[in-house]
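Number of protein chains: 4
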Amino acid sequence: MANSKYAHQDSLPLQPSVRYEYVKSFERCQPDILLPNTWIVIRIDGRGFHKLTAKYGFEKPNDRRALELMNAAAVGVFKELPDLVLGYGISDEYSFIFHKDCNLFERRAAKLITTVATTFTSHYIHLWPTYFAGKPPLTPPMPSFDGRAVMYPSVRNLRDYMSWRQVDCHINNLYNTTFWTLIQRGGLDAAAAEQRLSGTVAADKNEILFKDFGINYNNEDDLFKKGSVVFRAYELVDVVPTTTEKQKDGGEARVDEEDDDAAVVVLSKTAAEKERKRRAKATVAVEHVDVIRDDFWLRRPWILSGRAGKLKE
Amino acid sequence: MANSKYAHQDSLPLQPSVRYEYVKSFERCQPDILLPNTWIVIRIDGRGFHKLTAKYGFEKPNDRRALELMNAAAVGVFKELPDLVLGYGISDEYSFIFHKDCNLFERRAAKLITTVATTFTSHYIHLWPTYFAGKPPLTPPMPSFDGRAVMYPSVRNLRDYMSWRQVDCHINNLYNTTFWTLIQRGGLDAAAAEQRLSGTVAADKNEILFKDFGINYNNEDDLFKKGSVVFRAYELVDVVPTTTEKQKDGGEARVDEEDDDAAVVVLSKTAAEKERKRRAKATVAVEHVDVIRDDFWLRRPWILSGRAGKLKE
Amino acid sequence: MANSKYAHQDSLPLQPSVRYEYVKSFERCQPDILLPNTWIVIRIDGRGFHKLTAKYGFEKPNDRRALELMNAAAVGVFKELPDLVLGYGISDEYSFIFHKDCNLFERRAAKLITTVATTFTSHYIHLWPTYFAGKPPLTPPMPSFDGRAVMYPSVRNLRDYMSWRQVDCHINNLYNTTFWTLIQRGGLDAAAAEQRLSGTVAADKNEILFKDFGINYNNEDDLFKKGSVVFRAYELVDVVPTTTEKQKDGGEARVDEEDDDAAVVVLSKTAAEKERKRRAKATVAVEHVDVIRDDFWLRRPWILSGRAGKLKE
Amino acid sequence: MANSKYAHQDSLPLQPSVRYEYVKSFERCQPDILLPNTWIVIRIDGRGFHKLTAKYGFEKPNDRRALELMNAAAVGVFKELPDLVLGYGISDEYSFIFHKDCNLFERRAAKLITTVATTFTSHYIHLWPTYFAGKPPLTPPMPSFDGRAVMYPSVRNLRDYMSWRQVDCHINNLYNTTFWTLIQRGGLDAAAAEQRLSGTVAADKNEILFKDFGINYNNEDDLFKKGSVVFRAYELVDVVPTTTEKQKDGGEARVDEEDDDAAVVVLSKTAAEKERKRRAKATVAVEHVDVIRDDFWLRRPWILSGRAGKLKE
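Residue numbers (my numbering), protein chains in the order written: chain A, 1 to 313; chain B, 314 to 626; chain C, 627 to 939; chain D, 940 to 1252.
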């Protein structure tokens, strides 16, 4: 009888899944839920990009196409993940920020990290031929990115994170610009250039660039000097000048203390859907601007409020 | 004087990085080190692949090209990460296993998960045109994968994990094969097919396939029935038949109890380097074989020992 | 020769500690650092106190001596841990709160939890004979407490935690008071009393107490109705009446939004030492007051600021 | 009407618990489940015991009463927590070990740590007057203990942990014995004694004790030399002498490799209850024996198997 075949056909026990399913319980042990009411920063970094830049002949100290590819991939991520409120990219690293009220994937860290990192990678590989047209195609080992999640409880912490990255950008770029100018135009080798810069402060490097090579660092491209800031572009808000004055006097920024602890507002389903649509309609902007001073935040209140602004006409 | 320009040129405070660097301390709070001496399983899953299969017209119940693309991406991952000892893929999910002695990235979970997931994604996107030649190219939203890390303390736990996944493969594939046969050849719609299968056990589904459609499930492709097992291919080891006999009698597998708790052996640098080279030389195999019974493990002792086997001539 | 004895004297390998010390590395895997800039709540709960209350004949619904012993133990904890800013006790549970700027034990969770829990236990056992004089002495099984740590990023979250516990106190005490009155004075058995209360709201329970037994719940002891709030007692601050008016109108509390995100101020060593001394000098108060409305917080600004107030004369 | 009183009686909102209960969700974020199938070690340490030993005049280098009080408290913990399989105490620290199959409190770390630590503290304070009779009573600051949980995947790891602690005991005790002998009998001050011991190895210290003071360290009390091992006392098992021979030859211990990966056996409720009763009947032993060599483990197989042995008559 035909049926008898099935009995040993596969010798797979027929309903043994229960026997092995206990292994699922081991998954609970990787702690994973990010603390509610904290800003979530996912930062990804290129893996082994030193080799990559050599293999594909990236320009030094900055390769414009490579940075624009990073930015294009980041924009791709923003379009697929409407919960993102802010991004910041320098060199081969990118930070993606979810609002403190965000509940995507129930705030599970592994899911948030891998979703951001693989979506970024997916766009990066997909767009590579566009940005490196005329170059030999990608071959293994392929570009990849590692990532991590960090929580920041307050707006002050979040802004300090952004400031930290932008200061890093400034310091690294000033160093690299001077270093490579000494090599490319000054004829030094790497060791000599490093030696020349040893112990110098920012003013010294500006001086070397200006006196020895006639370069005013101030005129360098903001893409290189300030990095890339990614956000949804609504209409900018006018800011009363007094605030700006105060800042000029070295006053502490205060933007962060106003809305930090607003009670958590849960939107109705309709409101949430409307909100989502407005976000989806907004274009994703990439700008090379200062994020350390208040101005950036005051004029784009939707970033910290997490509420869509007024769509541009 | 030229220098005076620099003073406010950028109005970036000149050495303020220290002021913001405290934010780094927040990174320590995501617990991340995976327990030493445990097997590490990184499992990735396609995100929103239901939509993807619709968008690109994947064949039902199994799309061979799609599965082969997954396998090719997995092989790419194995070639870039010599620490991997085993992989297993079904549908849009893939498991990657690091040996319990592995110390890659100091066992930091976020780094391991994102490296595996983005390397896989990178190869997947890169190889897509090869496997889907003649189809319209990829457009956003792009394929992406989420991932997680799970630790298993013993070989028994690890093998049970593999068995769990392979049993899942079997159950899902038998269901899907019958479901789609009822639709594609039986003319039922999805609701009717689901209704027909409601409450059936494996034997019933085999019967439907055989009696109504003349299909012997046993003859279906092992790629679909057993999933894909990835490992480094050294020369297989002969296994004494008695062991096999014992298994036929339903005896418990014992392979796992032999080498489980061998003292941790730290290789000398030279030995480790030699080991690494042998691994790099080994081809990466993708086979569709049973991993539930002992045979698979006994004939490939290098998987559980973590030591390179004898290279094939 | 005498020395030869030592060779096998102990047969302990003489310097083998290095061989085993690798086990220390396993300790890194219990994630433990609590996120900086978050309020830390350590809540402990009596283990098996149902049996304990039976064994030692605690009065129902509330045993004053038992609650006063809990409070005395909490005061003992406050005196030994000057970093604590607030405590709250009901029944057999106690919450201890460290300021968000607190860096005690580098914010390691296990150390914070166990230190609070064992210091509390130590005082509890030590003081038991004082509070239960004339009763038979403690015998095993001994009272013990389990504990946990929870982080709250904002003052609003922290105050909501306190409100949650005090509302719980109110709900439980109203229920218990009515339940035990029905039994002790109404002659019902437990099942009948439970049945009588099934489906009742607060107003119903008040009515039962008042109409059937002449008890105005409002006149019950605040120790039972409000629980016990522990803090360091400095001079209360006068609060402008307008705030109070606003609250009467049901306005949202605002105290939390003012100082929530003040930049982290690091005290000089001298200042920190001075601060510590003032805290040590302050008496530890236990009061049975409302912590839901603003008044409590406005008049004791040192709790949220974390800075010692003005010592009482 | 009487009822109207209740309306504002308390001005507590009547059913607001829902409003605040969201704070419970923050508790999920302290990762807490210990990995299944791993040995759990809870180690507690006396806090500030240096001051305590001075305050209560503990004898140097070892105070027998203080150690016996630690042991008595540990026995109290064993009697209240039948899941414990092994304990080890030296100085003011104690390790408590749960079997890898233990599921107490669903393996939640915070609950396990605090329960062990507070139960220990409770017995310690309770028994203090018994062990320090004739001394002034305890006064604040009170003895307290911090604690931590560590997971070990294999028997080898667990035994190495025990060996590590016992080797530490040996090293510390030899040092302390020599140090205090130099002071108490040699008339040196602390600085001179420290100087005298600087750079010495174990053999040197043995020599100092023997030549200068006629002390054979070998004859010191095992309580001091080996620490205290706590376990449930069933009938010892006879061990074939060959094993012992092998060890004498420096052979690796093998006891750990035999039962390490036995499949997880889930007992029936009746069997589990029977098991529990046998454990409760067993006396709790405190012995000062070697736990580094195999003999201890081979003769007490119930420790690693987790199954009650044969009760002594």
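No wet-lab data here; the hints were simulated from the structure. In this text, all values refer to a predicted model and were calculated from it rather than measured experimentally. Here a beta-carbon is modelled for each residue, glycine too, at the ideal position from N, C-alpha and C. Heads up, a few of these hints could be off.
[Unchecked claim] Pulled a few chain B residues facing chain C out of the computed Cβ check, cut under 7 Å: (1) Phe-339; (2) Arg-341; (3) Gly-361.
*Any CB of chain C closer than 7 Å to the CB of B:Phe-339?*
B:Phe-339 check passes; min Cβ-Cβ to chain C is 6 Å, inside 7 Å.
*At a threshold of 7 Å, is the proposed contact between B:Gly-361 and chain C supported by beta-carbon distances?*
B:Gly-361 check fails; min Cβ-Cβ to chain C is 31 Å, beyond 7 Å.
_Per-residue hint verdict: B:Arg-341, partner chain C, C-beta under 7 Å_ = Constraint on B:Arg-341 satisfied, holds at 5 Å.
When held up to the earlier numbered hints, the structure conflicts with hint 3 and nothing else.
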